[in-house]
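Protein sequence lines correspond, in order, to chains A, B and C.
For the first sequence, our numbering begins at 1 and goes up steadily by one.
For the second sequence, our numbering begins at 1 and goes up steadily by one.
For the third sequence, our numbering begins at 1 and goes up steadily by one.
It should be emphasised that the hints constitute simulated quantities derived from the structure, not laboratory data.
It cannot be assumed that every hint is accurate.
[Stated by the list, open to error] FRET-style restraints, in silico, Cβ to Cβ:
| no. | chain 1 | residue 1 | chain 2 | residue 2 | range |
| --- | --- | --- | --- | --- | --- |
| 1 | C | 152 | B | 66 | 19 to 25 angstroms |
| 2 | A | 391 | B | 80 | 45 to 51 angstroms |
| 3 | A | 404 | C | 235 | 40 to 46 angstroms |
In this text the structure is predicted, and so the values were computed from the model without any measurement.
C-beta: ideal position from N, C-alpha, C; glycine also.
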Amino acid sequence: MSEMLIRGADVLGQGRADLLIRDDVFADPSEADVSAEQIDADGLVALPGLVDLHSHLRQPGREDTETVASGTRAAARGGFTAVLAMANTDPVADTAEAAEHVAQLGRRDGLAQVIPVGAVTKGLKGTELAELGLMARSAARVRVFSDDGHCVADARLMRRAMEYVRAFDGVIAQHAQDPRLAGPDACCHEGAISGRLGLPGWPSAAEATIVARDVQITSLTRSRLHVCHVSSAETVDVLRWAKARDIPVTAEVTPHHLLLTTDEVVSYDPTYKVNPPLRAAEDVAELRLALADGTIDVVATDHAPHARHDKEHAFAEAAFGMLGLETALAVVIETMINRGALDWATLAMRMSTVPAHIARLPDQGRQLMVGEPANVVLVDPGARAVVDASASASLSRNNPWHGRELPDPVVATFWLGRPTFRR
Amino acid sequence: MNDAAPEASRVVLDAEQIARACARMAHQILEANRGAEGLVLLGIPTRGVVLAERLAKAMADVEGISIPTGALDVTMYRDDLRTQPTRPVGHTHLPIGVDDAVVVLVDDVLFSGRTVRAALDSLGDLGRPRAVRLAVLIDRGHRELPIRADHVGKNLPTAADERVRVRLEEIDGVNEVTIVRDDSASSVAVRRG
Amino acid sequence: MRHLLSAADLDLTSATELMDLAEEMSLLQGRPVKKLPALRGRTVVNLFFEDSTRTRSSFEIAGKWLSADVINVSAKGSSVSKGESLRDTVLTVAAMGVDALVIRHHASGAPRQATEWIDAHVLNAGDGTHEHPTQAMLDAFTLRRHFRKSEPGLADFAGKTIAIVGDVTHSRVARSNLLLLQTLGADVVLVAPPTLLPAGVETWPARVCTELDEVLPIVDAVMMLRVQRERMSGGYFPTPREYTIGYGLTWPRLQLLKPGAAICHPGPMNRGLEISAEAADAANSLILDQVAAGVAIRMSVLYSLLGGADDTPPPSAREGVAA
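Please build the complete structure, drawing on both the sequences and the hints.
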């Protein structure tokens, strides 16, 4: 029996208390053993372990860029105790066997709970449904399905997928990008900057039109929709409309879309090439408002590791994606907490409780109370540091924050009682 | 060049002396060439061009015919291009071809000889003159190459750290040659040919 | 000047100096010995990821006439498919000890990215749909000579109106020309169907018009841009004939031009599509002069980049994506 006594933490910013971790749950601190290890958490905030609905762990297929081991190590450093691993691996996770393989890797190597996301369509090709039911019934118990990287563009297929997963309380997570309005060459936000730089871009309309269509399909099918990585004010408008009508749609925003704009691409640095692209300052402002008022339900990282030889190309030819697990909390603190737009309790909802609920994870996002699973992260709200990409736990280095001063919040992360990161 | 603390500057040629030197050189050139036939005057920018035009006019007054006159910019042929940021290039104008001509290079000051060396190399790429002669208003000594002038307006012994300043009315509004003591560190680096 | 990546890198003074220098350089074409020693010992590599015989030979001659050692490296065929990153390709070439890289690439921004990786001077010979600064320079140089025929000593293009007509969205020549003409003081009008005007064009320093017939009578020069027939499949315009009738410099449209107004085209031309044979061969067409100006302009640019001391210190140990 191992015990860890966390003394004097500010629990969700709502008052100081002691937390006793005994094995994998919280126990009554007054019963702490004298031999228990103690952490002085004076000045630290305690949050439920963060849950990332959207991450790319690249295993199987691109172990040179990330593995379940390295990705969850990065996650633990970022305060995450659960990570959903997207299906665009090689081979694609579109069968029960593939999903169970990823879950098994998570059990063997993971420093956080790893939940595989299943593909919506076979091979992510967008034409035939993948074995959604078998993935749901498998030991991996897949509940979140996504073709992320690709849009489920066929409206009829989207309808069928949503209807089908209703049987087991699944959710379809859509990568909203109309392939006709946003062609394969589009590599950034379509606007004044892309026009000047001679880069083919795609307009916000290509995202908002898909979301507008999908919320109608959601209403029709009475199933659940989740919108990945919302990037534009136009999409936020659609979400407000849908939620006002109680349509069961949830949405996520990435940390980079809360802080970075399309101005970053002026240097043609592919570090800032991401899909959906960084957009204008007006979009960033609207996304922050939406995250504050709950129109956007969660923050999800879209952690996308890439090898240097896939990024060091001309901008239009480089791979899309940025790292995000280690810096997500820092960016949300910087853009939301430090600007007074969110308090700690609401941040805990956005980054732990609600994602856990969307993914139907029973042990995550719980209250920090006696009897609950001991998934907790201790946060120093005032610490700051200059981000050093080379110090990352990720195997990749495509880090948009390198050289920037940001909060350096995570002091310790505990997953089911086990310390997965200690500063 | 900024005018710092009291410069010891003295006038070594005034307007009248410059005019007489030019007239004398014009006669010498015609004498050495036994007339004007085949002569082409090429001035080295900037003030060499003005001097060449003055010599041509003086010679035309004597011989009654006009002498082909032009400009030969030598910037691209300098041996010290890499020591300073990219230099602007002046205008080259050849009034006629130089093949088989007697080219008289004209410059205001002869110093190290490097400018003339560059001019000879430039001339070599433009054609094959029958002969090349050099006329300078001032020869101030301190040659670094085996170059000598055929026609000199004035021999002027100088110290290496002195600066010879030629001013001509067409460019500077006044005609005079002065020597200035130049203590600035750049004086050696900026020395002209 | 360390690099020439964009026409915006030049201000009025430097653009004028480059054109004046090109006048001197153009005299070389008539000489028996086409050689100036200014770049002797310098090595220039033409690193072309996109075919272009004309531009490449123009740079090659320009370098050789200045006595530089010029090498052509063809990197055609996407480096992505060969598994070699752009950075690797650029570093490998630069590692041989070159003084300047002249880069043409099918993707916008590649020359700018290269400057982050190497110490050599970088000259943009055309990057994707972004810019082609030496083309703009030679267009301006050709126009200046044309204008000086009736206004000797003309210093800049103040008071001149110049139209750029055609596929502005996909044209690097249009972007560079707009920037440079604006620097030179000209009033620029862009003429195109709305589908061929780029996003954000309302923020550009130019007027925009969709009616060519309204613009032709007031311009001192019209620059026709090449239109690719492939654009039809992207839905940019319905048929070639509709394009020509709406935006082509047809023979009837020639009559609308002011006397003395110049016609330009960066080439290669689609005779009969954006420009009629009559316009291309008209008395006031400068198209052949544009071609002839290329070497002189590129000589002046190479001399400006390489003809003096390398006083600018190379970028120090870069941060950025650390290993």
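Each hint tested on the structure:
no., hint, in the structure
1, C:152 to B:66: 19 to 25 angstroms, "holds, 23 angstroms"
2, A:391 to B:80: 45 to 51 angstroms, "holds, 49 angstroms"
3, A:404 to C:235: 40 to 46 angstroms, "holds, 41 angstroms"
Checked against the numbered hints above, the structure breaks none of them.
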